[in-house]
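Got two chains here, each in a separate frame; can you build the complex from them with the hints?
Spelled out from the first residue to the last, the chains are:
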Amino acid sequence: MAPQQAELILTLLGMATLLPLASAFIMIILTRRVMFKAAGWFATAVMAGSFVCALVSLVTWLGVPEADRRGLSLLKSIPWIPIPSTEAGHLYLGILVDNLTIAMMAMVTLISLLVHLYSIGYMNGDKRYNRFFAYLSLFTFSMLGIVISNSIMQMFVFWELVGLTSYLLIGFWFEKRGPQLACKKAFVMNRIGDAGFLIGFGILFYQLGGKLLLPAAGGASGMVEGQVVTMFDAIKTLIEQDGHSITNPPLWLTAAGIGLFFGAIGKSAQFPLHTWLPDAMEGPTPVSSIVHSATMVAAGVYLTGRIYPILTPAAHVFVAVIGLITLVIAACMALVMTDIKRVLAYSTLSQLGYMILGLGAGAYAFALFHLVTHAFFKCCLFQCSGSVINAAHHEQDMRQYGGLGKKLPVTMACYLVCTLAIAGASIPWTEFGISGFYSKDGIIAGTVSYGHALHDTFGAAANLFWLAPTVVAYITVFYMARSFALTFLGKPRNQKLFDHAHEAPWTMCVPQIVLAAMAILTAPFLMGFWQSLIVASEPQVAWIQGADHLAHGHAMHTTHVYLLNGLAWIIMLAAGIILYIPGMKFSSKIAAIPGINLLYTWAYNKFYFDALYDTFVVGLGKLISMIAAVFDKYIVDGIVNLVGLLGKAAAFLIGAFDIHLIDGSVNAAAAAAHSSGGLLRATHAGRVRGYVLIFFASAVLVVLAVVTTVMVFGA
Amino acid sequence: MDMPSLLNWMIYVPMIFGGLCLLAPSGEWAKRLALAGSIVTLVMSIVLLCNYSFDQGGVQFESSLVWIEAINVHYRTGLDGLSLPLVLLTTALSVLVVAAGWKIDKAAKAYNALYMLLLTGMLGVFLALDMFLFYVFFEISLLPMYFLIGIWGGPRKEYAAIKFFLYTLAGSICLLIVMLGLFLYTPNIDGANGKQLWTIVSSSELSLQSAAVRAVFGNGGLHEVFGKWAFWLTLIAFLIKLPAVPFHTWLPDAHVEAPTPISMVLAGVLLKMGGYAMMRITWPLFPDAAATFWVAVATIGVVSIIYGALCAIAQTDWKKMVAYSSVSHMGYVTLGLAVLTRTGFDGAYFQMIAHGITSAMMFFLVGVVYDRAHHRDLNRFGGLWLTWPGYSGWAMVGFFAGMGLPGLCGFIGEIMVLLGTFEAAANFEHQVGLVYTFGILAASGVVLTAGYILWMFQRVYMGLPKPEYESFEPVRGREYAIMAVLGIAAFVFGIVPVLIFNITDSTFESLTNMLRDGLGVLSVSGS
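Top to bottom, those sequences are chains A and B.
When we follow the working numbering, the leftmost residue of the first sequence carries the number 1, and every step to the right adds one.
When we follow the working numbering, the leftmost residue of the second sequence carries the number 1001, and every step to the right adds one.
Hints are supplied without guarantee of correctness; some may be wrong.
Straight line, CA to CA, 27 Å or less: simulated DSS-like cross-link-like pairs of lysine-lysine [as the list claims (entries may be wrong)]:
| no. | chain 1 | residue 1 | chain 2 | residue 2 |
| --- | --- | --- | --- | --- |
| 1 | A | Lys622 | A | Lys176 |
| 2 | A | Lys496 | A | Lys176 |
| 3 | A | Lys127 | B | Lys1466 |
| 4 | A | Lys176 | A | Lys37 |
| 5 | B | Lys1103 | B | Lys1466 |
| 6 | A | Lys491 | A | Lys585 |
| 7 | A | Lys633 | B | Lys1157 |
| 8 | B | Lys1466 | A | Lys176 |
| 9 | B | Lys1103 | B | Lys1157 |
| 10 | A | Lys176 | A | Lys127 |
| 11 | A | Lys648 | B | Lys1157 |
Read the hints as simulated data drawn from the structure, not as lab findings.
Since this is a predicted model, take the numbers as computed values, not measurements.
Isolated chain B, as found in the complex (with noise of 0.2 Å):
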């Protein structure tokens, strides 16, 4: 089979397994079934990989039909640096889902199949290289998952699940309007291939494009003020999906109310989709925005950071620790782009990939505890390092990967945009000062993480054994498997980042190249 055959039978594969789920003869069938779907996408993805070159910055495996030709709609998918890490960590982190979900017998038909929807949703996301395709794999990943959280979560998971779609919806919304507008106001870049902006710019073409899309929305163009709004409207679109203060209040709801593995997937995958989209729609499309608003998004950035973190500490309840963990780890991405520098995006990328790593870790820690406690008050724990010392020992890896430690993959995103932030005073001669505030208010807010994490860790692991734990069934082996996978994964991209920059880095040449070019405006405008 070629390569983009390939690629877009990954796609479907999760669905056509999950239609086979839905007819499966049991749910233990279901289940098997799901595990198998992810394990096949996995393998493709793996194939993917291996065939994928690493010096060629451009889109490979492309293919490309025109779908609704009146609006020049194509269905094209494709695979680059900005996408390759996060397809295999989703594909990869799916098979762990699975694992996780291997409990859950409510409907396990229906559970596994809206999975396996939700694998083809999030992969389509990644893989679509038109927009129009993206915006519909956006939505379809959207639906599942509020059945799944509505469906299988905790007390509140109708509140927690409309909250979540309808917030997302309003993000889409946004994008919608984008959309219709760049299709009302792009003109013929190349007058063949008319309102070629239905295509997301792909790295590739960016320096070809990015002139022409300049001309027409940028500073000075003819349709300035739209480019303004385009680039908000979309920012806030993923915002929400990252998410960014104050747009996060969904997630500490979803997570609190999702089980176990719906968690891990929100937090491991969903959450990056809004990343993503960010360095693959937001900035490469309005870079001449991204540069007169840095300062606006770079305060986002570190209020979320701070502020996520601050929100953090103040919870009882351990699972939306961890969620507002996740608000603060986000807030490095926001920072790290909106400063525009190579390295600062280089450490926004890394630490979309690390968090999904470690969020999915952290949220699998807390579920193996909950599924036993059935509950989740941090100031009822104590004592499990002892009850369970080989548990706790995964812990302390995913804990502290998530609180950022050198040779855990949290420290190399966190360290990178730090140090992006400070290289920006070179973008932003005027506004050096504003540089380093933001570069001192990241770096406080490493004490803040480690207030969380050490004061949870000590609530939670350390102490006496309590006795109504004691009784507690020991942890399995799939269970041990699943933190072992995450655990391992951490160091190894912790001690060797280079594995995913290696993927990146031609990709991310080209995008910064073009940022640069944005960042021109500054200079005009300052001088």
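Here chain A stands alone, though its shape is the one from the complex (with noise of 0.2 Å):
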């Protein structure tokens, strides 16, 4: 690559970054008073403005040949905070561009473009409407920070702003409890991973020496600041000296590995920390399909994709399990939940336990491209979800909807087309599909060979790895077409709130078009780019179990087997619109069948794992910040009392026993104590300023003295 050509990479993707930022600080510096209605297209012509130079960027891109862009990366550092006892000697901001970051700008642009255009529609009428976009293009802003992050330093500076953000975000409307409540859980929940984040953080830096630049091994040809050690160099260097392998890796790589984890758990709302997510729904629409399907929880795929190379083979298990538990918890859920923006919720969290689950068995290329996929059609479903709570007057139970889809023809189509993708539809005995079919396909085949290549160790429950997505992957559809059936099809179930619904205004429809067009249109055979410059990222590492069994080109064989060649879409998206047309009428009879109805109760009561939190986590860590209180109001501060009151106390005896057994010598000393305290006393009761006064002058008499003996006796 031509040095012109990657200053000015360099150059696009950082204004891309900074513009949001820019944007942001303009609306909120001019308030409300001078831009309130013109905030939300100065929102989004900046929003586009960064688009385009994400555009521009990947165009210029591609134009290198992908022999030469392979392992290409292109770093710029700039110091940030001296750390001069180690060898790096600074942590470092900055921009890498590689195949992945190229990709992600593109994909991040876009969808908050749209979601900028889409907002104002949705947000029209609000009266905070300028902050509303403020807060948008801040958020913008940190994740596209964290996708062009060179370094662990960077990614974790934009992760807690990430956080931040979304916290205004979902507490958008904060006069109400309901985003109160969840922005502050959001918020804490991701601190509790970034704790986590943090103690991987640290061992690697101590570890590495401050070496904690990005790009992947490998990867060092095309810098534009010279070579520079990056951390897996850093790391490989020192495996080999401490004489340890790929294959007996040390135990603090695994504790590294997992601990930067744990902020993608915080994040990307996994297993155990993955109770935020749903309530977040109490942000605005708008915020949910950014925030809660595209980005923000991408944002913790994207940190296991790039830390990729240091998961060791334990990690990579841990990082498996957790996605598994995810995605299955996650699908059930979904299954029963009434309220539309939840059903997408827990949907997205089934879905981002596929990508996990696809990172930690070693199909990195399909995780990282279903992060894509994923991304343009929940962000589309959101959108229209939005636009039928829109319709309905901000009713979002979805057993008060029915026959929408005769008000709202074009969301209806854009929703069908997503709830395709995430079907992964495909025409059977055929690899030709919808965007979806890919990346999930891709997974699925993934994990098939992780779980026969760990067969050796975890017996049969290694097919769990497997069975588990693939089962899900049937539930999948199944529930989506469950929420389409009951909000688009059958005959209206509140003809008041059918009567008054309409078709959303042109600027949410046209995002929810474009997104729609996207789901297809990323498809491999179609817009082939997306795919290979996710495969082309993907870093050389030999680390993972089963990753060598997976023939990336052969992958669909694998899985037509269990998806049945491409029926079980079609099956499943049968059964689950024949079954809600007429409602819940069919399912709340199947649901009240024992065995089935005890299932019933425990997903639509999310496992408990809130009742569960709210009682042992916080209820526990309240009652001990209660104690810590008391403990230190009675005990520490009592003892410290305690030594006064004892102080006093043996003043009082040495007082008294002077008054009563050195008395008569001494009365008339007593008698002058006495009165010069009445005088003392009289200062005190009232005269502040005379009180002050002695003092002050007792004080000035001090240095005085100090200033006359330096120079009478000083030198």
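Rendered as structure tokens:
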């Protein structure tokens, strides 16, 4: 790559990141009096500029021959915090551009642009309209900051900022209790993950002497600023020094990997920190569509992808298991929810579980490709749900919907396309399908080979690694069909709501249509570059058991067996639609069957995670802090006061001793003391100024004495 | 005027203005004089900064005069990388503190005079280079504070003031004992100057002196036992001031009773004296003991972080919550020093500066509301975001800076202390598990911090506006100015931390080199 091209790309991506920050800053400074109505279009226009920057760099990047691009990274580092005791010398901020960055930048800026546009319609009439766009742009800035991160340090900085901005966005309607609690919960849960991140960060910092730059191993070619020791190079050197190897990694590396991954658990809402995401639906729907489907929650997956080469086999198992648990429980919950946004929220959880499982299982390229495809179709699904909710006057219960397809044809069409995308629809017996088909099948194929590879270690239990995602693939289609049928098909179940429903304005429809189109277009045979960029970004490490079994080209054949050669989605879609066209009539009967009803109740109550956490974590935490406060007040401070009291008592006793035993001889002195005490008391009682004057004068005298002695005795 | 005299004038100018305040014709004039005095002091400190040479590690602008020859006491002042940022913090904050006290009309002359005297004391503490002189200023700063809390404070002001006074005095006595011991036990290091240890070891001389000092007080030295006792005595003296658990209970009381500006300066500057003195006196004089007892000291730090945060969660008094947050934040300072790494030291120092900004801001934010609501019960607030959007925007900056969010100053100190803690695994090869435990516990402190800040934010700022607060008089321009200065400072230092590190770098280099010598003790005893 020519240096000018490299410079151009770095500059453009830097601008793409900073533009939203600038617009947020301007909107905050100008306040509502100057810019209220205009804020929406202003922010959208700036975001469009940011998207164009990302697009131009994408095109420039794609202009480089593929062989040269593979393993290429551009790095720009600016020293930020000096750490002179380490070899690295500084903690850096900057920009890292490789294939993954390019793909992510294009995806995030496009989605953010569309969500900005959508919000113009959706947030219309809100009394903090301008503020919403400021937060949204700020959020986009933070997210882009993560994407271009050149080091673990920068990753953490923007990681926290994403946490903050999502807090502001979820709590946007902070007058209401729901958003208040939800935003606090989201931030605190995220911070629990962040604590893990910090621990992993600290371990790596120490072990690697502060060398935390991110370009993957072997990616040092074409560096802008000369040769740099990356985190991965440093690890490699260190491991070889210590006599460890890739098959026998040191414990600290596993610990560091799992620690960093905890950050991903928090941000990507994985089990056991998943409970904040459904609650976050309290935020305005555009927020759900960007923050809680396409970007923030994707950041965890992105981080896991970035640290993929340092995850040891043990850490990979950990990652895979977390993803596995999440995808199963979330799918079960999505099956029974009646709030349309919550169905989508749990579906997001489940899909994130797929990505995490995929990364754990070594299906790097497919997991991150799923991140991109999912971002488009899930963003679209949320926007559609927003249009429905808007049309239904903020009713979110699907039991009140039905037949809305007649009133919202565009929305219905988009929703259907994306339902097919998440279902992984394909033409049976062929390899042509909608985007989700490619990414999800690849993940399942990866888990199959991972499961086989782990057979020696885990025995039959290793089969769960592929069995669960396969079964959940069926469930996914079913719950999406359910939500589609309940909302758009059948007869209206709430006539009044139906009568008032209307299609969304164009500012909302256009983004939906574009996103739905992207859900189709990201398929490799249409827009091949999405997948090829991600495939090219795959780090070349042989750490993961099973990864070498994964022959990308033939992945689909493996899963065809489990997914009935592409018939599975048709069957489940039909089943879901037929069952739910009449509303909940049939399903409530099924749910009442003994045995199933128990499962139903569990899933409906979110497996009691919230109750558990409220009681044991929050409750216990509050109890401990109460105990600490009481302990502090009565024991720690009690001892202090007791010492004071004892001192007083001793003084009193001595005083009594003095008066009664040495009495007679000092009568006169006592009288004098008494009168002077009286004098002092008089000063103390009221004449503050006089009191201070006396003190001040004596202080001055002290200093004067000092100065005089110095002058007299001094040199 | 040459720089050393300017430096000395800077110490006493506030006191002169304080005297003028007392003579002022009215309270209003006293306020103006105090403001003028603090601005003059600020300008002087900026002139010193401009003339300060960053590359030179040693003391600059030094003046040294014999004071009490018989016991080798000098009047010695000067500036180095350890003191300069704190001096600037003090002078800059003072302008804001005087401005924040503009509405205090009760005996305004006396109030401002005392504050000016306090400023002299604080600057003296940071600029003194003789231990005796340091002690004098340490005490001078104590007394005005006693009166400022005891006279202008809240309902339990007498109790709080006397507690503050006695507690700190107890610390001073510990320090006095150490001074006597040093006087008795220190040999003549370089024959001519006699008992050199009366001079606070300044970084430039560390490499010269540390070997000799360690030979006496270090492990295996003639007065090893005294060295260890002295380490703990000075440490306790300064941990009280910092404050660290379990010596912290004076702080919540003092803060709750103190008027807003006094809380600002108490948290913003006075607490820093503790950390500063540890870095200036305790660690350089007794590096061997610091290495020997690092576990105990780090435990105090970690316990302060977590215990302080837990107590903060449980408070219903807003100001008390902020006070406990100080305990928690200062725990990072203790931890950063305890682990004996350069990163930890840098982090601890930055944390002091950052906390000087954020805690002053947080106390001011509370004060703005308290002045109008006349209560601080967290459970009775709500909806302030809608009542006062502008103020709440700054509140967000202040509290989130306290929470350690990146981009704001609170983050840098915390993260560096954490990284420094992990880095300490290299120092203590036989106790790596312990090092990691400290690191993990300190890292989990961020969750608790988020807990109390966010819960407070929800209860005070979110929700529907309450009718009883809608009649509040709007936030004044003066108040906005104070919030803006502190808020912008929080951003500036959060984004460009090298502003501090450039000043401290060369000084800290020699300081930590010396500590590394102390660590040699461990490898000897460990192997």
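27 Å Cα cutoff - pair Lys496 (chain A), Lys176 (chain A)
OK: Lys496 (chain A) and Lys176 (chain A) at ~26 Å, within 27 Å.
Would the hint linking Lys622 (chain A) and Lys176 (chain A) be met if the CA-CA limit is 27 Å?
holds (23 Å)
Sort out whether Lys1157 (chain B) lies within 27 Å of Lys1103 (chain B), counting only the CA atoms.
holds (19 Å)
Within 27 Å, alpha carbon to alpha carbon, are Lys1103 (chain B) and Lys1466 (chain B)?
holds (26 Å)
Between the alpha carbons of Lys176 (chain A) and Lys127 (chain A), is the straight-line distance 27 Å or under?
Holds, at about 14 Å.
Lys633 (chain A) and Lys1157 (chain B) were given as a pair; does the straight-line alpha-carbon distance stay at or below 27 Å?
Judged against 27 Å, a Cα distance of about 17 Å means the pair holds.
Restraint check for Lys1466 (chain B) with Lys176 (chain A), where alpha carbons must lie at most 27 Å apart:
Status holds; Cα separation ~13 Å.
Restraint check for Lys648 (chain A) with Lys1157 (chain B), where alpha carbons must lie at most 27 Å apart
Roughly 19 Å between the alpha carbons, so the hint for Lys648 (chain A) and Lys1157 (chain B) holds.
Need the status of pair Lys127 (chain A), Lys1466 (chain B): alpha-carbon distance at most 27 Å?
holds (18 Å)
Lys176 (chain A) and Lys37 (chain A) were given as a pair; does the straight-line alpha-carbon distance stay at or below 27 Å?
Given pair Lys176 (chain A), Lys37 (chain A) holds - Cα atoms ~24 Å apart, limit 27 Å.
Holds or violated: are the alpha carbons of Lys491 (chain A) and Lys585 (chain A) at most 27 Å from each other?
holds (13 Å)
Checked against the numbered hints given earlier, this structure breaks none of them.
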